[in-house]
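*Asks:* One-letter residues, chain by chain:
There are 2 protein chains.
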Amino acid sequence: MSHSIGKGLFSYLLSPILSKHIRLMSGVFRGQKLVYSEFGEPIKVVQKEEYKTEPPHNNDLIVKMIAAPINPADINTIQGKYPVKPQFPAVAGNEGVGEVVSVGTSVDSFKVGDRVIAIKSGTGTWRTHLTIDKDYVLKVPKELGVVEAATLSVNPCTAYRMLKDFENLKPGDTVIQNGANSACGQNVIQICRSWGIRTVNIVRNRDNLEELVLFLKGLGATHVLTEEDLRTTKIFKNGDIKKPKLALNCVGGQNALEMLRHIENNGSMVTYGGMSREPVTVPTSALIFKNLKIRGFWMTQWSKENERNKDRLEMFEELISMMMNSELQGPAYKMVDFDNFKEALLNTMTVKGMIGKNIF
Amino acid sequence: MSHSIGKGLFSYLLSPILSKHIRLMSGVFRGQKLVYSEFGEPIKVVQKEEYKTEPPHNNDLIVKMIAAPINPADINTIQGKYPVKPQFPAVAGNEGVGEVVSVGTSVDSFKVGDRVIAIKSGTGTWRTHLTIDKDYVLKVPKELGVVEAATLSVNPCTAYRMLKDFENLKPGDTVIQNGANSACGQNVIQICRSWGIRTVNIVRNRDNLEELVLFLKGLGATHVLTEEDLRTTKIFKNGDIKKPKLALNCVGGQNALEMLRHIENNGSMVTYGGMSREPVTVPTSALIFKNLKIRGFWMTQWSKENERNKDRLEMFEELISMMMNSELQGPAYKMVDFDNFKEALLNTMTVKGMIGKNIF
Numbered sequence: 001m002s003h004s005i006g007k008g009l010f011s012y013l014l015s016p017i018l019s020k021h022i023r024l025m026s027g028v029f030r031g032q033k034l035v036y037s038e039f040g041e042p043i044k045v046v047q048k049e050e051y052k053t054e055p056p057h058n059n060d061l062i063v064k065m066i067a068a069p070i071n072p073a074d075i076n077t078i079q080g081k082y083p084v085k086p087q088f089p090a091v092a093g094n095e096g097v098g099e100v101v102s103v104g105t106s107v108d109s110f111k112v113g114d115r116v117i118a119i120k121s122g123t124g125t126w127r128t129h130l131t132i133d134k135d136y137v138l139k140v141p142k143e144l145g146v147v148e149a150a151t152l153s154v155n156p157c158t159a160y161r162m163l164k165d166f167e168n169l170k171p172g173d174t175v176i177q178n179g180a181n182s183a184c185g186q187n188v189i190q191i192c193r194s195w196g197i198r199t200v201n202i203v204r205n206r207d208n209l210e211e212l213v214l215f216l217k218g219l220g221a222t223h224v225l226t227e228e229d230l231r232t233t234k235i236f237k238n239g240d241i242k243k244p245k246l247a248l249n250c251v252g253g254q255n256a257l258e259m260l261r262h263i264e265n266n267g268s269m270v271t272y273g274g275m276s277r278e279p280v281t282v283p284t285s286a287l288i289f290k291n292l293k294i295r296g297f298w299m300t301q302w303s304k305e306n307e308r309n310k311d312r313l314e315m316f317e318e319l320i321s322m323m324m325n326s327e328l329q330g331p332a333y334k335m336v337d338f339d340n341f342k343e344a345l346l347n348t349m350t351v352k353g354m355i356g357k358n359i360f
Numbered sequence: 001m002s003h004s005i006g007k008g009l010f011s012y013l014l015s016p017i018l019s020k021h022i023r024l025m026s027g028v029f030r031g032q033k034l035v036y037s038e039f040g041e042p043i044k045v046v047q048k049e050e051y052k053t054e055p056p057h058n059n060d061l062i063v064k065m066i067a068a069p070i071n072p073a074d075i076n077t078i079q080g081k082y083p084v085k086p087q088f089p090a091v092a093g094n095e096g097v098g099e100v101v102s103v104g105t106s107v108d109s110f111k112v113g114d115r116v117i118a119i120k121s122g123t124g125t126w127r128t129h130l131t132i133d134k135d136y137v138l139k140v141p142k143e144l145g146v147v148e149a150a151t152l153s154v155n156p157c158t159a160y161r162m163l164k165d166f167e168n169l170k171p172g173d174t175v176i177q178n179g180a181n182s183a184c185g186q187n188v189i190q191i192c193r194s195w196g197i198r199t200v201n202i203v204r205n206r207d208n209l210e211e212l213v214l215f216l217k218g219l220g221a222t223h224v225l226t227e228e229d230l231r232t233t234k235i236f237k238n239g240d241i242k243k244p245k246l247a248l249n250c251v252g253g254q255n256a257l258e259m260l261r262h263i264e265n266n267g268s269m270v271t272y273g274g275m276s277r278e279p280v281t282v283p284t285s286a287l288i289f290k291n292l293k294i295r296g297f298w299m300t301q302w303s304k305e306n307e308r309n310k311d312r313l314e315m316f317e318e319l320i321s322m323m324m325n326s327e328l329q330g331p332a333y334k335m336v337d338f339d340n341f342k343e344a345l346l347n348t349m350t351v352k353g354m355i356g357k358n359i360f
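Residue numbers (our numbering), protein chains in the order written: chain H, 1 to 360; chain L, 1 to 360.
For reference, chain H alone in the conformation it holds in the complex (with noise of 0.2 Å):
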């Protein structure tokens, strides 16, 4: 397991602007882009193609592209696990930050030289330039790190909608949650730090688990717990702390099922992963007497129905002004070059607590 002390698991950033490309005159690049014709495995499906742009069109910029993270989905969108089928051939990658490096003739919201953040889906993030129209892009301070630009609108997103939209948290409230050392637990326990909010966070057990009780406890981390803890704790019991309102799942079956024995009468349970590939149980009497509410939530089709939502700058702009900071940290990432972007594919697909994210 890619774990290493302090540092929770790696984030594997493809690099463009370390990739070949050259400025051929005004507008127009020739670069390099990760394309796959068909759905499969993506070291076999996905191939580097050499290709040239043509200047902006009247709303549209060209980035060159700084950092793109691989996420798991967008292995599963490759394998066509997912359910967003791109049209082929497709460039690969849904999120990252580049520098915009010329603009068309009716932008005048973006200029050269602008740090830019990819903010729709699909946008295929994998290239050294991407061409898209400017209403698909989110300028942000070049001080604002790279890492945490290129991760931005996917795992922190994510974590900032489930603790804002399913319960009305206050200060002092509880969020339980599981799989909490994954990029996206890792985001929920630093933002309930700064929103006040305490954190019960459970994780398998494991070789190294001092260090990761360490390592999340230094996010903010409430209470760390094994899945084994969980079942005969008595934080919630002794007054420690209070009953969660809200449970965040990305594990599912038994793990989820000792998750909602604890939470408060009204609250919810929201899914965003299945890891064990287990389906979520329920007991009657949890739904009836009660009352809990069990959901789920998916980034993309959120993001989709608000794409200029007022909501959605919003929460941009809290999360940003968060990471510059010092409150939100980007993931520990690795980057590569197109070069080795067969060895990141493999690794991402390979890595303990990662490949289980496919849930189909």
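Calculated from the structure, these hints are not laboratory results. Honestly, I wouldn't trust all of these hints.
Chain copies aren't distinguished; within one or between two, either way the pair holds.
[Unchecked claim] Listed below are the simulated DSSO-like cross-link pairs for lysine-lysine, each with C-alpha atoms no more than 30 Å apart in a straight line:
id : residue 1 : residue 2
1  : K120      : K290
2  : K120      : K85
3  : K217      : K164
4  : K304      : K242
5  : K293      : K310
6  : K243      : K304
7  : K242      : K111
8  : K237      : K304
9  : K85       : K237
10 : K170      : K44
11 : K52       : K85
12 : K164      : K304
13 : K170      : K293
Assemble chain L onto chain H, guided by the hints.
*Replies:* Below, chain L without anything else, positioned relative to chain H:
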């Protein structure tokens, strides 16, 4: 199984008015009540007792009870298996209709001779004379059938609220439900017919299936399918009927899972019983990618939270109006006096499809 052609299941109604009682003087009656002082098997712990009323206090009424149903929840309460625990000694029974026979000095909204139903949970309706605060009864028209009045506050209200409070249903929309021949299920069918909503009704296969199908279609069912039919049905694919926005579940287990498969994206499944004694199992993808909402409903809790609420009075008014227009009929029933209460208790407990309501 206590199923008769065109009648559905029997409900047992106690008939206090047929039981021994006398008027001693104005406001003072000697009558009988069914009490228990410990949890246990109803035929062992419930005893018939004589008692004498006092003249009513300021805000109280004395109601001579005409009919009081035996609901499965009453059995569970006596067994101590229901989350609501009475104080001992307790008079059993939650529902019922009667006639006002005496009023306290501060009561001006009711008069002797009014027909009323008890609308507070835990009232203890299994007695000949009920002394009760005027705020805990509702006046109903004398033209309303005794059986409809006696059984109004649980099953029709449960059906009504589940159809109102989870999805915004419009004429032409579809609701799917299992246990469709249950007392609540029959109300769902009839209320939906009245509101122009189409219903897909799931029942267990049985010898007299054809009769049951005819009976439910007579109530207004659009489609009636067995659990096996549901697995292979094409009605949602061939355009016969829209996919359901709402599923109502009183069974759980595999049957609930089969219903889930057909719910429209963003729809809800509401659980109000667990006859199979199996939990509700929800695939991770149904939560994340279909955004299905898994909820529960408990009439007792809703009534408690909405005791004097406008919504509650509007609901009673609309249901009574449907009953007066013959759009909503009461259950098939058998009326028994207090001398035969043990037989009725025993039968309510053992009737197939009823005992399963004990979901603990």
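*Asks:* If a hint holds in the structure, say so; if it does not, say that too.
*Replies:* Now the hints, each set against the structure:
1. K120 / K290: For K120 and K290, the Cα distance is within 30 Å only across copies (20 Å; inside one copy 39 Å).
2. K120 / K85: within (14 Å within a copy, 54 Å between copies)
3. K217 / K164: within (22 Å within a copy, 45 Å between copies)
4. K304 / K242: Between. Shortest inter-copy distance 25 Å satisfies the 30 Å Cα cut-off; intra-copy 35 Å does not.
5. K293 / K310: Answer is both: 27 Å inside a copy and 25 Å across each meet the 30 Å cutoff.
6. K243 / K304: between (33 Å within a copy, 23 Å between copies)
7. K242 / K111: neither (50 Å within a copy, 50 Å between copies)
8. K237 / K304: between (42 Å within a copy, 27 Å between copies)
9. K85 / K237: between (47 Å within a copy, 22 Å between copies)
10. K170 / K44: For K170 and K44, neither the intra-copy (48 Å) nor the inter-copy (50 Å) Cα distance is at most 30 Å.
11. K52 / K85: within (25 Å within a copy, 75 Å between copies)
12. K164 / K304: both (18 Å within a copy, 29 Å between copies)
13. K170 / K293: both (19 Å within a copy, 24 Å between copies)
Of the hints listed earlier, those the structure fails to meet are numbers 7 and 10, in rising order.
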